[in-house]
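**Q** What follows is each chain in one-letter form.
There are 2 protein chains.
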Amino acid sequence: MNSLAEVLADRDLASLGDAYINFAYSLALSKRTGKPLGVKVKGSVLAQALRNAGLREYLPSRMTKHALADAAEALIVYAWIRKAITLEEAVRIMAKNHESVGGLTRLLVTVRDRITFS
Amino acid sequence: MNSLAEVLADRDLASLGDAYINFAYSLALSKRTGKPLGVKVKGSVLAQALRNAGLREYLPSRMTKHALADAAEALIVYAWIRKAITLEEAVRIMAKNHESVGGLTRLLVTVRDRITFS
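These protein sequence lines are chains Y and V, in that order. Last residue of the first sequence: number 118 in the numbering used here, and the count goes up by one each step with no gaps. Last residue of the second sequence: number 118 in the numbering used here, and the count goes up by one each step with no gaps.
Treat the hints as calculated values from the structure; they're not laboratory data. Be aware that a few hints might be false.
Same chains, same label: a pair holds when it works inside one copy or across any pair of copies.
What the hints assert, rightly or not - In silico DSS-like links for lysine-lysine, alpha-carbon gap of 30 Å or less: (1) LYS83 - LYS35; (2) LYS96 - LYS35; (3) LYS42 - LYS96.
Using the sequences plus the hints, can you model the full thing?
**A** This is the structure in structure tokens:
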């Protein structure tokens, strides 16, 4: 991967990222509520977090919410694959926030700051 | 948790376990194919793996496939929570197998052997 735009547009990464973020967010919610819980993160939540994190500008105009959510999932799992963030830290960041958009925004900002492209 | 039967019947664990196994299995498939990939593990596959692992007898008779799948998911994530197995090892075990039922059976047998109840 040579650029942030390339990572955000990667459909394969988005596919794995979907499984990653559902698990990580489920762990964050489990941590907050004190009991095991599994959830699916909604596309609209991921899309909003992507915008809040200032990442919308790296993507083409006219994208569906679904495509924006894919981009967020791709970046988040890319950071984990590249060891820019551990699963534990991602969970901790999301668990601190009382609502999902806030937690995911913070996670996106964190990984964006840590990933460097040559 | 005081017994294997209790873990297998835990609906909260099953809920988190669903997210865990989808992510872990997606990683195993990504490892085998060499590209990131996200998948959902089918309930029928988990139910068959549970039977193959000799765990069916710990559950009441007359259970749906869905309930058997829940039991498998509960046990697998319980083992991870209790640190009986790491995510990396679970992925490695499943990636070794060429088909999903075989990989999940091996994973269930492994965690069952490691979990002890007082």
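**Q** Confirm or reject each hint.
**A** Hints and how they fare:
| no. | hint | in the structure |
| --- | --- | --- |
| 1 | LYS83 - LYS35 | both (28 Å within a copy, 17 Å between copies) |
| 2 | LYS96 - LYS35 | within (16 Å within a copy, 32 Å between copies) |
| 3 | LYS42 - LYS96 | within (19 Å within a copy, 32 Å between copies) |
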